[in-house]
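Trainee: Let's have the full structure, built from the sequences with the hints guiding it.
Those letters in the sequence shown? Residues -21 to -1, 1 to 1175, per mature numbering (1 follows the signal peptide of the UniProt record, and there is no 0), in order.
Rather than coming from a laboratory, the hints here were simulated on the basis of the structure. Hints are not guaranteed to be accurate.
Here are the computed lysine-lysine pairs in the PhoX-like style, where the Cα-Cα straight-line distance is at most 20 Å [to be verified]:
id	residue 1	residue 2
1	K236	K262
2	K494	K1088
3	K779	K756
4	K151	K39
5	K39	K27
FRET-style restraints, in silico, Cβ to Cβ [what the hints assert, rightly or not]:
id	residue 1	residue 2	range
6	N1010	D1083	20 to 30 Å
7	G625	D760	20 to 30 Å
8	S889	G693	47 to 57 Å
9	Y325	G551	48 to 58 Å
10	N181	N43	29 to 39 Å
11	Q771	N808	27 to 37 Å
12	Q677	S739	13 to 23 Å
13	S822	S465	57 to 67 Å
14	A105	N186	36 to 46 Å
15	Q677	A1174	51 to 61 Å
16	G551	S889	14 to 24 Å
17	Y929	N808	42 to 52 Å
Where is the CB? At the ideal position from N, CA and C, for every residue including glycine.
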Amino acid sequence: MTRSVRLGTFSIIALSLAACGGGGSDSDVSDNGGSTPVSSSSIILNAKDYTPSRLNTAAKAIANAQYQGETDNAEVDIELVQQAFNLLFNDSVMTVPELAEQDFSNDINGGTIKKTYACALGGSVAYDGKVSDTLTGTIAMNYQNCWLHSNGVAISGSTAIAIESVSDSAAKYSMYFDSLTWNIEGIPYTLSGVVSIDEGYNETNGNYHFYVDTNQHVAFTIGAEQYKLVGNYNISDSPGESVNHAELDFYVGSKGKLAIEAEGPEYLSPYMYMGEVVVAGDKTATLLFEEGIIRYLEDTDNDGNYDVGTFIVDAYDLIGGNLADRSLVAIADMSIPPTVYAPEFYTWDSVDTTTPITVSPGYYNDSDTDYEDLSFSYRWYLNGVLVEDVTGDTFPAYRAVFNDVVEVSMVVSDSANTVESGRTSITLSDAPAQVAFENLPESVSPGEYIEFRAIVSDPDLGDNQGAPTLVSAPAGATINEDGLISWQAPSNQLFKTQLYEFGFSTGEEGAEVVKTDVSVTNNDVQELARSGIEVPKMNNSMVVGDFDHDGDNEVLSTDSANRVFLLSYQNGSYNQTWMYPYKIEHGETVKQVLSTDFDNDDYPDILVISEHGVSIVTDIDEAATTLFTTDNFIHSAVLGDIDNDGDDELAYLYSSRDYGDANNIVVVDLNSPESPLFTFTAENTYEIALGNVDSDAQLELVTNSGLVYDLDTGENQWFLNSGFGSHHIAVADINGDGIDEIVGADSWSYIYVYSAQDKSQITSVENFNTCDISAGKLTDDSNPVLLVGDCQWGNVHAMKLSNNTLTSVFSVDMVDHGSTSLTLGDADNDGLNELLWGTGTTSSGEDLLVTADVTATSATIKTTATTHQLDSFNAAGWADLYPGDERAVFFVPSTGSGYDGSKVLLMENSGNYITSEEISSNWDNSSIAVTTDYNNDGAGDLFLPSAETYDGAFAAMRLNDFSIQYEITGDYSNNVSVIKAFDFNNDGFDDAVYVDGRTLKAVDVNNQVMLATYTMPQYFRDFDIVAMNGNVYVALSQGDDITQLLKPTTSGFSIQASADISCARLAFINADSDAAAELACYNNQNQSLVIFDVADTSLTKTSDVSVSKVIVDMVANPVTATEQTLLVTTAHDDDWSYYSASELSEMTVEGISIWKSPALIGPARSHSLHARKSAEGSLEVMMATSRVMYWLGRAN
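Mentor: Here's what the structure looks like:
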């Protein structure tokens, strides 16, 4: 057996036949007598009959005959030296496959072996030879397409081994090759010639000296190129000294002869740390290995002195780098080349032809050149070919297509050297087909008949694929052979903007279905959306004004996340009288709400400042309009009429990140925000303000970081290097001299007052910890005062500037922790201003809106107006408090930012609502309740969880007085989850059917009797209940793979049928035209919708389709009694974060979406979706997300 032969290395082969057998005796074999000429190939094939001398001569003759290339001295350059080095010292270029692997020990007869062996993966090898007892001898091996496990390639040709001597410490042998061929990845290899080895070790005083002396005379062909190698290799390895030496002639067929001498006292490639390789042809070149760095030197005139050269980064660069562009410079001008790594490319999304590909620089450095003196660019390759016109960090879209391989390297230059890194490879995915519409109206009205054309194209093909096939569409839509779609939009919908889904395909088998939405707008639809009363987390985010045009003021506010709403002061407290029902489009997180009369109707409009955009609401009955978006992060904004034309302009502060300070300011006209009026750089800025701080008529822009800009010219009027305050800024005339003062505040320490006129500080006052400053008039006839809100546990202060000193007007307790958005206005419509602020936002406790009545000298908190926080919501259904007095009922699992317990909320059709007192502490966070009238007395009831601390419990509540009528208490082991109201025992009264831990319970609440229980062997997933054919059936899913059909017995349940599937949500639905119910199952493990036919003793799966959405909740659409669809809630854009959005949509049982809502505020909640058919026959829905309660399709 042999190790693989590595051509050009210092240690070539180690032969061990001991494991393969031996025996018998044999003397030297002399040549065959006679005068008949014998071919060299015949001699190798019958090696046992010839001496090593004849074998050497024959093998060399075969090698010389195989090589037909150039023999004159080659023209030496850096690329040829690199090529020669790789061929001689790099395993990956030329390694002979494993040979002599067969164990022939049992097949030796009298010292002779002659047998053909089948190779493990195909082909054969014939052994013919003689082996002595001393393991010397000669064996010929003839390979016929022999494929061995160890090689992974098929070998053909002849080879032979002649062992001259073998001992425990030495071996001397030769290998002979005659057209040994194999193929790797389509490249053919051929080897002929002889390799002779003398290797072993000796011991002196316990030290071992290893040696390998090798002589080679071989020709080999790789692909179309020929090579020949003639020379000696020697290794001498002793303690303290290792010497590797080679002297050889190396021929490259297309180039010529190279005389190569290598001296490597330290290791082999690629770890060659010291040593040199001298390559001589028409001139001499040398590779000098110097502790990692490699010098390439050329003696261009053969005078024995090096003339030009360059550095090579390391052995890896020598082996795999692109050296073609290396410039050779005079020896004195040589510079160590840069080290450069491949560019970095990270993306969570797949890349296709529509995607520009942007990379980041890889690491680069140069030990003798300063970083700033290095230049870099990129080289892009498309399917291995250099793209010459792209040198930046971005590869344009549509230049590469599906399955193309885009590669990019980094090229770094220090002026003397240019180094190209390795390549980062990016494979393009299949770009999804695209659909374009022709003649689709920008706005489609309900009931409108429209015609438009759809065109489907494949971005990878870049062509028009013509008229598509209509795969799915809303009811009534048709398409003709020319792709013309006709459709009459529905006249009823749940949302102002409802998106109707169309699916198209080319019609070919397996073709991709492309889906797109057509938006139908109906501003007559008024979604009812409400939440608990939240407060801003940012300053300058509350405004008092008449936003609903009813003649009374409201408070415009936000939660600084995704809720924008109006509060009205009614009967001594605030009620939320309007809420924007959708997540603000395009902007992401809401930062502030401001007010301006955008449409010049003399009423204030709502300006929403979001993280990445600005939107306007000019009519609270209509959807918001996006004014502009930006990829940057907006930190804050202010309004002001900078040109005295009666319209406000907007100044906003932004940066490239969403935290900390910012460094850029833009001023825009809201009617043309795409063309900024001014742009400023303002480093380390947290807040900005607008005011007239000098004697001209124009406003100035002021930053807390100490900048004042004139907004007529854009010129800087003042720069105070220390800044006006570390975090806060306000501008107001707080001394009554007609010119605004600048007030700045540190987050900790001081408040400062400045005069821009004098460019000086007027005064300062110490304030321990400031959260907000603003200014305004306490009364109509008083001068503006400075308002200061403390942080932590502190006060809200009013101050005035008298005799250049800040003096207190009043201080009032903040009520809770911290303060935000100090706002003055007549919030209660009594003709006098109130002061409002948010508090509790800097602690984990409840966030509160606080209101104080103010006079010119005092402030008094309106305790009844202080709000309380509702944390999250679950829709429970509709109920009459008394006959004909209906409410939408919501369960609130926790209040007070999680510190307080559950409540019940009753909402009128108008949106006004009241809440109960705390029901229970509900520390186990049970969240599902359901309305009923369990005793049929006309007064609605609620089945709800009533856990105290962690002791689970169930209760029945009368809603008109929030009194508990019946309760089943429990302990720590009880945990009430899903609750349903259903006439379980068919006595005409609703019973409670609910899950407690792993037990399904049915309770006759009216008679206070336990009807049935069933204990699940695995954890609970979901259940639903239906009456069919005079029987009650419960579908119950548990564990990872069990869904059962249960039927009540006298005191329990019998298992009628079972399916091996896990259902995260279950819903009985009449999906076909008969009267029997089907069961819809959402399998979240496979993200599929499964439909079962239900019979008394069977669940028969009729369909199983993948759906593109993760379903949170689903119910049958009750508008029709048969062929029903599903109403489902899902995450919007697969976003599951706390501030994410959700969608309500209608879906067929085949998983096809019919319509969907805009992005609704907050994550959807399970078992929080209820639907009914209204008196007018249309769909009515109530639902809740974690952050908003919705009543949709209600009669106004």
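Trainee: All the hints need checking, so say for each whether the structure fits it.
Mentor: Verification of the hints:
Taken as a hint, the K236 and K262 pair is honoured in the structure, with Cα atoms around 11 Å apart against an allowance of 20 Å. A C-alpha spacing of about 14 Å is found between K494 and K1088, which places the hinted pair at or below 20 Å, so the restraint holds. A hinted pair counts as satisfied when its Cα atoms are at most 20 Å apart, and K779 with K756 qualifies at roughly 11 Å. Taking the CA atoms of K151 and K39, the gap is about 19 Å. The hint holds against a cut of 20 Å.
At most 20 Å may separate the alpha-carbon atoms for a hinted pair to count; K39 and K27 meet this at roughly 18 Å. At roughly 26 Å, the beta carbons of N1010 and D1083 sit within the given window of 20 to 30 Å. A hinted range of 20 to 30 Å for the beta carbons of G625 and D760 is consistent with their spacing of about 25 Å. Checked against the hint of 47 to 57 Å, the pair S889 and G693 passes, with Cβ atoms roughly 50 Å apart.
The supplied range of 48 to 58 Å is met by Y325 and G551, whose beta-carbon atoms lie about 56 Å from each other. Our hint of 29 to 39 Å for N181 and N43 holds, since their Cβ atoms are close to 36 Å apart. Between Q771 and N808 the C-beta distance comes to about 33 Å, which sits within the given range of 27 to 37 Å. Distance hint check for Q677 and S739: the Cβ-Cβ separation is about 21 Å, which falls inside the suggested range of 13 to 23 Å.
At about 60 Å, the CB distance of S822 to S465 agrees with the hint of 57 to 67 Å. Between A105 and N186 the Cβ separation comes to about 45 Å, which falls inside the hinted range of 36 to 46 Å. Remark: the range hint 51 to 61 Å for Q677 to A1174 is upheld by a beta-carbon distance near 53 Å. Distance hint check: the CB atoms of G551 and S889 are about 19 Å apart, consistent with the given range 14 to 24 Å.
Judged by the Cβ atoms, the range 42 to 52 Å given for Y929 and N808 holds: they are separated by roughly 46 Å.
Consistency with the previously given hints is maintained throughout, with no hint failing.
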